[in-house]
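Please model the entire structure based on the sequences and the hints provided.
Chains A and B, in that order, are what the protein sequence lines are.
So the first sequence is residues 1 to 270, counted in our numbering.
So the second sequence is residues 1 to 269, counted in our numbering.
What the hints contain is simulated information worked out from the structure, not anything from laboratory work.
All figures in this text were calculated on a predicted structure; none of them were measured in a lab.
Straight-line distance between alpha carbons at most 20 Å, and here's what the computed SDA-like set of lysine to any residue pairs gives:
#1 A:K179 - B:L108
#2 A:K179 - B:F59
#3 A:K179 - B:M83
#4 A:K179 - B:D107
#5 B:K37 - B:T236
The following label-pair restraints were derived from C-beta to C-beta distances:
#6 B:G75 - A:I97: 46 to 54 Å
#7 A:D113 - B:S74: 54 to 62 Å
#8 A:D113 - B:L228: 54 to 62 Å
#9 B:R254 - A:A118: 54 to 62 Å
#10 B:R32 - A:R109: 42 to 50 Å
#11 B:D171 - A:L246: 50 to 58 Å
Each residue gets a CB set at the ideal place from its N, CA and C atoms; glycine is no exception.
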Amino acid sequence: MSLTQATKDGPQQPASERYSPLDDPRVLGWGSIALVLLVWEFTARIFGVSALYLPRPSQIVVALVALFGSGGLAIDLGVTLWRIFAGFAIALACGTILGLWIATSFRARAVADMFIAALYPLPKITLIPLLIIWLGTGGPFMLTISFLGAIFPIVINTVLGVSQCDPGLVLAARDLGAKPQQIMRRVLLPSAIPSIFAGMRLGLGVSIILVVAAEMVVGKTGLGARLYLAGQILETEQVFAVLIVLAILGIIVTKLQDAVDAALGNWRVD
Amino acid sequence: MPAVAIEFDDVGLTFAPASAAPTIALEAVTCRFEPGKVTALIGPSGCGKSTLLQIARGFLEPTRGRLRFRLAESGAETTRPAMSTVWQAFNLFPWLTVIDNVAFGLDLAGVPHTERNARAGNAIAAVDLSGFEYRYPRQLSGGMRQRVGLARALVMEPEVLLLDEPFGALDAQTRLVLQEQLAQLVETGGTTAILVTHSIEEAILLADTILVMTARPGRVAAQIEVDLPRPRSVATTKDPQFSALFDRIYGLLREEVMRAMISGEETNA
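What follows is the structure, given as structure tokens:
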């Protein structure tokens with residue numbers, strides 16, 4: 001579907017130049033994926049590779065449909081998405097407020113600097129054993145792990161964005177009668193929004209990784225658990241099916257973020 | 001509203017950071033800004049013109065002397081009158097449309113929506129930007145942006161308008177047109193305004209009184225009354241009286257600019 005669509009509304013080029021679909025990044029992107037799948041399908045067929053090692057794309061699609069139909073993959077997807085986005089949403093709210101506070105308070109900044117320096121580079125995945133001891137393996141654990149993945153990039157980027165706010169804008173707001181609270185909400189926060197989105201981008205990526213990894217370690221439900229169980233019983237088609245769901249999730253998240261980024265053009269001066 | 005004069009009585013400001021040598025931004029300025037008049041401050045770069053404006057606005061506290069606000073009629077001291085600033089760098093909020101930029105101060109004050117829109121609309125019309133209400137600053141030329149800046153200040157109906165090199169960032173032609181428009185706006189309104197500028201022409205065109213400042217540390221070197229007839233326009237610059245004033249101010253400034261250059265205090269401010 002995307003192939004034909006992409007060809008139709010390709011790049012606007014002068015009529016004099018010869019139009020080639022290969023100049024369209026969408027044609028190239030989707031086309032190369034289609035090509036890889038085709039080559040994979042036929043080489044696997046020709047050489048008779050066992051589905052145990054490398055199932056063909058067609059077999060994976062069959063497994064995918066079956067899993068969504070009766071195997072409860074939709075529920076696993078929902079559970080995983082809930083874990084990722086609930087923790088992420090909490091991280092976004094806390095991270096923005098925390099970042100605003102750190103950026104505007106000398107003392108908060110001095111304290112936070114040390115904690116961030118100590119905790120930010122720590123691979124969050126190493127916290128899984130400790131969090132299991134503290135929280136068990138249920139919902140609170142999953143929310144915490146997703147929260148931990150997102151909070152640091154969001155805080156750091158909020159601080160960065162707020163500190164880079166043009167002081168002229170703060171002066172202008174004060175001149176128009178803004179009180180400190182109003183300056184925070186109406187000047188510092190909006191001016192930091194592109195930076196906050198950059199933090200969200202990084203943070204969401206880490207949250208996805210951590211939740212799926214945590215599910216593989218402890219989960220009974222969710223995409224990570226499904227992936228791990230399918231691997232244990234050598235259901236290679238199912239492994240690939242889950243991987244494809246994760247890949248599509250990644251594409252959707254990335255493209256949505258690109259769209260948000262483009263919409264943020266107004267925030268950037270000149 | 002009652003007319004208020006602003007008096008600087010021996011006002012100075014010294015920045016004294018703990019780790020560096022103190023900088024005298026403003027030496028000791030005594031001057032008076034009359035209500036209903038436009039006073040221009042002109043002087044070499046870094047002489048403290050903008051500092052003086054910030055002190056008048058209340059954003060900087062003087063380290064010596066006193067700032068007084070007096071009712072023009074009785075001479076009694078009063079509180080700081082309402083002021084709005086037009087900035088050299090425009091300082092528009094890039095994420096807000098023209099109308100939201102103009103209405104920013106009204107929104108902060110909680111002005112009801114219909115009144116807010118009406119007042120912002122009027123201010124936008126006053127600077128000839130009707131039809132551009134929903135554009136973003138980045139979609140406008142420099143001259144248009146500064147007209148938004150002017151509308152944003154005027155919509156607050158300030159008793160005193162502070163103009164901090166308002167046309168400094170614009171090209172020569174745009175500058176000329178905007179100066180003329182501002183001259184007309186000022187003439188009809190009887191506005192009290194303090195104009196900081198580098199341009200002698202601009203000062204003469206707009207001001208009733210011109211204060212020439214010395215190189216850093218800044219003091220007021222001369223006070224010159226401009227009694228050219230209004231309305232003034234680009235044509236005014238052909239007036240022999242204009243040339244005489246220009247030469248006189250240039251003579252005063254030249255010396256100060258040379259001094260500033262020699263002492264190495266020339267900054268880009």
